[in-house]
Amino acid sequence: MAGAKLGPWHGAELRKTADAFSGDGSDNDLPEEVRFARGVGRLLLKRIRSVGATMRRDAISVFLLHPDGIASVPAKREPMLGDGGVEVAGRIWFVSETAQSGKSIEPPSIDAGAVFDHVAELGLGAVPAVAFNPTVEPPTLRYYPRGLNDHHNPEVIEINDIEVTAERIETIIERLWEACFITPDAQISGGSDVWADASQHWAASNAEAVVQAHIKAALAIGLVDCTIRDEQPTVAGRVDIEIERKDPVDPSKWSRPFEIEVKVLRHAGRTGRKTSAKLIQWWIKRGIRQAAAYRDARNAENGMLCCFDMRNSDHGDDYADNDNKAFAATHNVTMVRKFLYNDAEALRVARYGS
Amino acid sequence: MLNPLESVRRKVRLLILLSAARNAGLVPLPASRLHILAYLADVLSPVWNLDPYDGKVLKRPDGPFFPELQHDLDRLVGTGMATVTDVGHVSIGQERLQVSSSYSINADLSSDVLQYIEATPDEAVAAEFLRELMLAISAMSDEDIDRAFLQDATYSNKRAGSGTVIDFAEWTDTNFSALAADRIGQLVPTNAEVGPSEKVHLYFRHLQRRLHGGR
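If you read the protein sequences in the order shown, they are chains A and B.
According to this note's numbering, the first sequence is numbered sequentially starting from 1.
According to this note's numbering, the second sequence is numbered sequentially starting from 1.
Don't take every hint at face value.
Stated by the list, open to error - Simulated crosslink set (EDC-like; lysine to aspartate or glutamate; CA at most 16 Å straight-line): (1) A:Lys76 <-> B:Asp182; (2) A:Lys5 <-> B:Asp182; (3) A:Lys46 <-> A:Asp225; (4) A:Lys76 <-> B:Asp173; (5) A:Lys76 <-> B:Asp142; (6) A:Lys5 <-> B:Asp144; (7) A:Lys46 <-> A:Asp247; (8) A:Lys338 <-> A:Glu208; (9) A:Lys278 <-> A:Asp321.
As the list claims (entries may be wrong) - Selected chain B positions facing chain A (in silico; Cβ < 10 Å): (10) Gly25; (11) Ser100; (12) Ser177; (13) Lys199; (14) His201.
For the record, the hints were derived by calculation from the structure and aren't laboratory data.
Positions of the beta carbon are idealized from the N, C-alpha and C atoms, including for glycine.
Chain A extracted, bound-state conformation (with noise of 0.2 Å):
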């Protein structure tokens, strides 16, 4: 019945293709950049684990969103790029977000600071960026959101195969807190805007929302290795956020390492309504709780909650209560929490004293 219902194909050939390639094209969601970056991560943690011992290291190689490549300079589309198998080093790579196939030109030099130069006199310096350099150990990956002239603020990408634990999850969300919303100035524009009006603590209604994409974006550039899901169903309700890991040898072989529930805790809501003491431990009791249900019910490793602080004054360790620690510790979730500073002048006096 199955195998008539799909013509020639049949499910046996198909359950192979899923082992091999599930996770490509769920990050369909993220923002292009990112995606870029992710996508040009995995090709190289591909090329490392086949490779690694023999590829050329003597020179670095860029690749830049922009898979039109360059009109004036002809070249030949690679479509295997995204599997790894093709060197990269000692070239200037056009790819799409998915950076599953490229065209590349060759620099005028293998220089480093030549090469950084060339992309800017072809006009591209302001073009997303990811940098690779394995003439150093362990090959270094630095990606450049706003292009390389901006080349100051690289963001580094791991692509060694390490183990995802709650100490690397964390460092992940303490790098967007402090980019994006550690204050309101740090925010990002636009959509990313937790605050419905920071000066008086007024939480956007879409707070968590906003949170949960901005945490699977950087997980999804901070864990290349892994698939990043959101609102996965279970019998306990949907998942926030769901790591998933592949066996790097045996892709049919996998593990579950997080489920990670969002919590934003509001000192007000968009309306200015209070939220009581009580209700926030309540909140987080609930998080825990949600956390500890989904790794059960999705057999995960691990339970995580994730609390971004909105309310108007830091309660520190404190921000859950004895109760709630002890819940968490019984159920074995591990907690992680940001505070929000509702303005610059706050954090510089959180920092430095009044």
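Fit chain B to the given chain A structure using the hints.
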């Protein structure tokens, strides 16, 4: 006689398709490849919960070809929205030649039109689908794309012989390609709920494996 409204719809679709192909680094597109991509977009559109523009295709040994689409593509070249390169000819047997050319989008001239088109809810979803479809296909070599129809679950169904019309959405709703994409999405080893984008990518990964004997 060409239906003027249908012709406008096809031109809109062509512009979105050419833009998506450019975004995936696939342009310029030889005409025959463009027709194959148009067919694959039609047959997989239910995965994205979209209706195909054309729910049937004439099965030809050389792959899908839509005369109306070609007519509208040439009109787009006439308006300057699409550009043509690599003009030449190919042999179609019996000492006959056919003009062949490759097509790209004129990004400068079409950007305002595309912005307007993609601001309409229906076309925005279609643009999202075609964008992902082209990105998925970009993992295949040009040679594999040119013979993709040979292993597509619908086109390669042996029950439909060459010269017959394959109906996958006009009078019947048997679309093996869309069903296969859904099925492969249900088979991911982690039992995750898989979205349409991942299904489309997995479909082409499988199609590519079949083109290479299952490897």
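Review point. Taking each numbered hint in turn, which are not upheld by the structure, reported in ascending numerical order?
Key: 1, 4, 6 and 11
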